[in-house]
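So the chains spell out like this:
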Amino acid sequence: MDLEFLINTLSLGSLYALLALGLVLVYGILKLVNFAYGEYIMIAGYGLYFSATVLHMPWWATMIFGVAAAVLTSYLTELAAFRPVRNKSANALIVTSFAVSIFLQNAVLILVSPRARAVQLPPIFSQTVNIAGATTPVRNLLIIGTTITVLILLSLLMKKTVLGMAMRAAADKFTTTRLMGVPANLVISAAFIISGLLAGIASIFWIGRSASVDPVTGAAPLLIAFIATVMGGMHSPTGAVVGGFVYGLLFNVLSITLPASMISYRDAFMFVIVVLFLLFRPEGIIKGGYTEERVG
Amino acid sequence: MTMPMLTVENLMASYGVVRALHGVSLEVNEGELVALLGVNGAGKSTTLKSITGILRPVKGSITFLGTEITNRKPEWIVKQGLSLVPEGREIFGSLTVEENLRLGAFASYQRDRYKADLKEIFELFPILEERFSQPGGLLSGGEQQMLAIARAMMAHPKLLMLDEPSLGLSPAMTDGIFVLIKRLREMGSTILLVEQNAERALEIVDRAYLLANGEVDFAGTAEDLKRKVDIASVYFGGDDAAPCEVPL
Numbered sequence: 001m002d003l004e005f006l007i008n009t010l011s012l013g014s015l016y017a018l019l020a021l022g023l024v025l026v027y028g029i030l031k032l033v034n035f036a037y038g039e040y041i042m043i044a045g046y047g048l049y050f051s052a053t054v055l056h057m058p059w060w061a062t063m064i065f066g067v068a069a070a071v072l073t074s075y076l077t078e079l080a081a082f083r084p085v086r087n088k089s090a091n092a093l094i095v096t097s098f099a100v101s102i103f104l105q106n107a108v109l110i111l112v113s114p115r116a117r118a119v120q121l122p123p124i125f126s127q128t129v130n131i132a133g134a135t136t137p138v139r140n141l142l143i144i145g146t147t148i149t150v151l152i153l154l155s156l157l158m159k160k161t162v163l164g165m166a167m168r169a170a171a172d173k174f175t176t177t178r179l180m181g182v183p184a185n186l187v188i189s190a191a192f193i194i195s196g197l198l199a200g201i202a203s204i205f206w207i208g209r210s211a212s213v214d215p216v217t218g219a220a221p222l223l224i225a226f227i228a229t230v231m232g233g234m235h236s237p238t239g240a241v242v243g244g245f246v247y248g249l250l251f252n253v254l255s256i257t258l259p260a261s262m263i264s265y266r267d268a269f270m271f272v273i274v275v276l277f278l279l280f281r282p283e284g285i286i287k288g289g290y291t292e293e294r295v296g
Numbered sequence: 001m002t003m004p005m006l007t008v009e010n011l012m013a014s015y016g017v018v019r020a021l022h023g024v025s026l027e028v029n030e031g032e033l034v035a036l037l038g039v040n041g042a043g044k045s046t047t048l049k050s051i052t053g054i055l056r057p058v059k060g061s062i063t064f065l066g067t068e069i070t071n072r073k074p075e076w077i078v079k080q081g082l083s084l085v086p087e088g089r090e091i092f093g094s095l096t097v098e099e100n101l102r103l104g105a106f107a108s109y110q111r112d113r114y115k116a117d118l119k120e121i122f123e124l125f126p127i128l129e130e131r132f133s134q135p136g137g138l139l140s141g142g143e144q145q146m147l148a149i150a151r152a153m154m155a156h157p158k159l160l161m162l163d164e165p166s167l168g169l170s171p172a173m174t175d176g177i178f179v180l181i182k183r184l185r186e187m188g189s190t191i192l193l194v195e196q197n198a199e200r201a202l203e204i205v206d207r208a209y210l211l212a213n214g215e216v217d218f219a220g221t222a223e224d225l226k227r228k229v230d231i232a233s234v235y236f237g238g239d240d241a242a243p244c245e246v247p248l
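Chains as they are written, first to last, in our numbering: chain U, 1 to 296; chain A, 1 to 248.
No wet-lab data here; the hints were simulated from the structure. Hints should not be assumed to be uniformly reliable.
Unchecked claim - So these bits of chain U aren't anywhere near chain A, every CB distance computed over 12 Å:
#1 84
#2 118
#3 146
#4 179
#5 236
Unchecked claim - Within a straight-line C-alpha distance of at most 27 Å, the following computed DSS-like cross-link-like pairs (lysine-lysine) qualify:
#6 159/U / 59/A
#7 287/U / 31/U
#8 31/U / 73/A
#9 79/A / 160/U
#10 73/A / 158/A
#11 119/A / 73/A
#12 79/A / 182/A
#13 159/U / 173/U
#14 173/U / 228/A
#15 119/A / 228/A
#16 115/A / 182/A
#17 182/A / 119/A
#18 160/U / 115/A
#19 159/U / 119/A
#20 73/A / 88/U
#21 88/U / 159/U
#22 59/A / 88/U
#23 182/A / 158/A
#24 79/A / 115/A
#25 73/A / 59/A
#26 119/A / 160/U
#27 228/A / 182/A
#28 31/U / 159/U
#29 31/U / 88/U
#30 88/U / 228/A
#31 160/U / 287/U
#32 173/U / 79/A
#33 228/A / 159/U
#34 73/A / 173/U
#35 79/A / 59/A
#36 160/U / 173/U
Please read all numbers here as calculations on a predicted model, not as lab measurements. Cβ coordinates follow ideal geometry from the N, Cα and C atoms, glycine included.
Please take these sequences and the hints and turn them into a complete structure.
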């Protein structure tokens, strides 16, 4: 297999896996597909822009600032928007997530600008490197390394800490977890904070490809995260990671196999694959895991 | 007279528009083993759900150790020393036995006594030591019930509530669970036991409440209940059961 193809697929899959993971963590506990998730990515992008262009922070500080902006936004939306409707119907939650999404997009549109802003990233993001004859952008290698690190740390958190155990238990049986004395707010806030963290980290690499951010930047990564979880399975973090990598693989396979005249229909082919999944394997590649008990 | 450990007064609870409890009152004193009996739909589980805070009662009050716990959050109530072994066991299937027990200790975790607590649990339930690192979902029904009880005990509850612990278990396993409950009581635990298997429950409890249609139909000692109420006819719906005629 072509080394360039392999690196491209792994890096794309890594990015998509991070995106999907952030969406699934909240879904697991709240049974909510959070359509405001893309906005956390967008806000992180504006955090990068603001800290670099306006505050003139060094590059590493802009990254911390961007990720922190996403974490804070995620946590605040949980407190202000999702918590008050948590015990209402599943429909109320999902409509709330659309409302949060529209609110944040328009807030940025009014407060900053409807037009795209250029985001300064360190030169390493635009450099390329030659590995065994294959030329690849350095950021592709960075995202693979970052994702591996994040997955290891997240897995340690979920397996080795009591908070992680409580989050896994809550995803399985929410009410029973509260009967153990675990506060509902604790696990739900933790899920939103980690979800925001993943959105922020993914945002650095998402923005890194175009080096610009605008109010609807979050739409595309949200869609990718959603599709990846549909393919991989909504019911476990493993499913989300698998779905992310499968999405990356399919996308790259389509990119090299489709004739040049059809490349622009690549997304249409992706959607056909999603429809096939929904028809023949609606639970996704990885079955089982979480149950469907709603918070209440 | 000393105050009862748990006092439930005139409890009314509903599921949507359906009223499930029409004013249930009961008491549990320290060191007692009390049963809450009745057929399916009598309101036994609803009473327990209200006590643990999973269900918000419409009216009435619940007092535990002198503190009003009505309408408090479940996670707060368990910290007061009230643990429930839920109906259907509710083991965290994807978590190991070890993790299930660790979460059981969440409400009152103390690092220095945790190891000793585990050791005590293993003495009561040796099988849990064998299965320590296996996922809870792989355990048999009886083993899961033991894990559910052990998990609740890790919180050092002052009052342990068991909801249908014999449900779905083999006769041999059921025997084992009843022996265990009796032993826990002898060790000094205060227990509120919800059971459909009234005859078995009456063999081991001090007092019992018989619920029917969301009301207490009969309250008294196990002996009283056995003597005055035709248990079999209550459960098979015979007219002569008429437990309402027995004065409370």
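Hint check results:
1. With a closest Cβ-Cβ approach of about 16 Å to chain A, residue 84/U is found to remain outside the 12 Å limit, as its non-interface label requires.
2. The Cβ of residue 118/U lies farther than 12 Å from every Cβ of chain A, with a closest approach of about 45 Å, so its non-interface assignment holds.
3. Non-interface status of residue 146/U relative to chain A is upheld: no Cβ of that chain comes within 12 Å, the nearest being about 27 Å off.
4. With 12 Å as the threshold on Cβ separation, the claim that residue 179/U sits away from chain A is violated: the shortest Cβ distance comes to roughly 6 Å.
5. With a closest Cβ-Cβ approach of about 9 Å to chain A, residue 236/U is found to fall inside the 12 Å limit, against its non-interface label.
6. The straight-line distance between the Cα atoms of residue 159/U and residue 59/A is roughly 42 Å, outside the 27 Å bound, and the hint therefore fails.
7. Annotation: proposed proximity of residue 287/U to residue 31/U holds, straight-line Cα distance about 16 Å (limit 27 Å).
8. About 21 Å separates the Cα atoms of residue 31/U and residue 73/A, which keeps this hinted pair within 27 Å; it holds.
9. A hinted pair counts as satisfied when its Cα atoms are at most 27 Å apart, and residue 79/A with residue 160/U qualifies at roughly 23 Å.
10. For the suggested pair residue 73/A and residue 158/A, the alpha carbons sit about 18 Å apart, so the restraint of at most 27 Å is met.
11. For the hint linking residue 119/A to residue 73/A, the alpha-carbon distance of about 31 Å lies beyond 27 Å, and the restraint is violated.
12. Taken as a hint, the residue 79/A and residue 182/A pair is honoured in the structure, with Cα atoms around 25 Å apart against an allowance of 27 Å.
13. Distance check on the hinted pair: residue 159/U and residue 173/U sit about 17 Å apart at the alpha-carbon level, within 27 Å; holds.
14. Distance check on the hinted pair: residue 173/U and residue 228/A sit about 41 Å apart at the alpha-carbon level, beyond 27 Å; violated.
15. Restraint check for residue 119/A and residue 228/A: the C-alpha separation of about 44 Å exceeds 27 Å, so the hint is violated.
16. Simply put, residue 115/A and residue 182/A have alpha-carbon atoms about 25 Å apart, close enough for the 27 Å limit, and the pair holds.
17. Taking the CA atoms of residue 182/A and residue 119/A, the gap is about 20 Å. The hint holds against a cut of 27 Å.
18. The straight-line distance between the Cα atoms of residue 160/U and residue 115/A is roughly 17 Å, inside the 27 Å bound, and the hint therefore holds.
19. At most 27 Å may separate the alpha-carbon atoms for a hinted pair to count; residue 159/U and residue 119/A meet this at roughly 23 Å.
20. Between the alpha carbons of residue 73/A and residue 88/U the distance comes to roughly 17 Å, so the proposed pair stays at or under 27 Å and holds.
21. Pair hint residue 88/U plus residue 159/U does not hold up; C-alpha atoms about 31 Å apart against a cutoff of 27 Å.
22. Pair hint residue 59/A plus residue 88/U holds up; C-alpha atoms about 22 Å apart against a cutoff of 27 Å.
23. For the hint pairing residue 182/A with residue 158/A, the CA-to-CA distance comes to about 16 Å; that is within 27 Å, so the pair holds.
24. A hinted pair counts as satisfied when its Cα atoms are at most 27 Å apart, and residue 79/A with residue 115/A qualifies at roughly 20 Å.
25. With a CA separation close to 16 Å, the supplied pair residue 73/A and residue 59/A stays within the 27 Å bound.
26. In summary, the hint linking residue 119/A to residue 160/U is supported, as the alpha carbons are separated by about 21 Å, within the 27 Å threshold.
27. For the proposed pair residue 228/A and residue 182/A, the alpha carbon gap of about 24 Å is at most 27 Å, so the pair holds.
28. Restraint check for residue 31/U and residue 159/U: the C-alpha separation of about 21 Å stays at or below 27 Å, so the hint holds.
29. Distance restraint check for residue 31/U and residue 88/U: the Cα-Cα separation of roughly 12 Å lies within the 27 Å cut-off, and the hinted pair is therefore satisfied.
30. Among the hinted pairs, residue 88/U with residue 228/A is inconsistent with the structure: their alpha-carbon atoms are about 46 Å apart, more than 27 Å.
31. Only pairs whose Cα atoms come within 27 Å are accepted, and residue 160/U paired with residue 287/U is accepted, the gap being roughly 24 Å.
32. At most 27 Å may separate the alpha-carbon atoms for a hinted pair to count; residue 173/U and residue 79/A meet this at roughly 19 Å.
33. Distance check on the hinted pair: residue 228/A and residue 159/U sit about 54 Å apart at the alpha-carbon level, beyond 27 Å; violated.
34. Proximity of residue 73/A to residue 173/U is assessed by CA-CA distance (about 16 Å); at most 27 Å being required, the pair is judged to hold.
35. Annotation: proposed proximity of residue 79/A to residue 59/A holds, straight-line Cα distance about 23 Å (limit 27 Å).
36. Between residue 160/U and residue 173/U the alpha-carbon distance is near 19 Å, which keeps this suggested pair within the 27 Å criterion.
In terms of the numbered hints stated before, the structure departs from hints 4, 5, 6, 11, 14, 15, 21, 30, 33, listed from lowest to highest.
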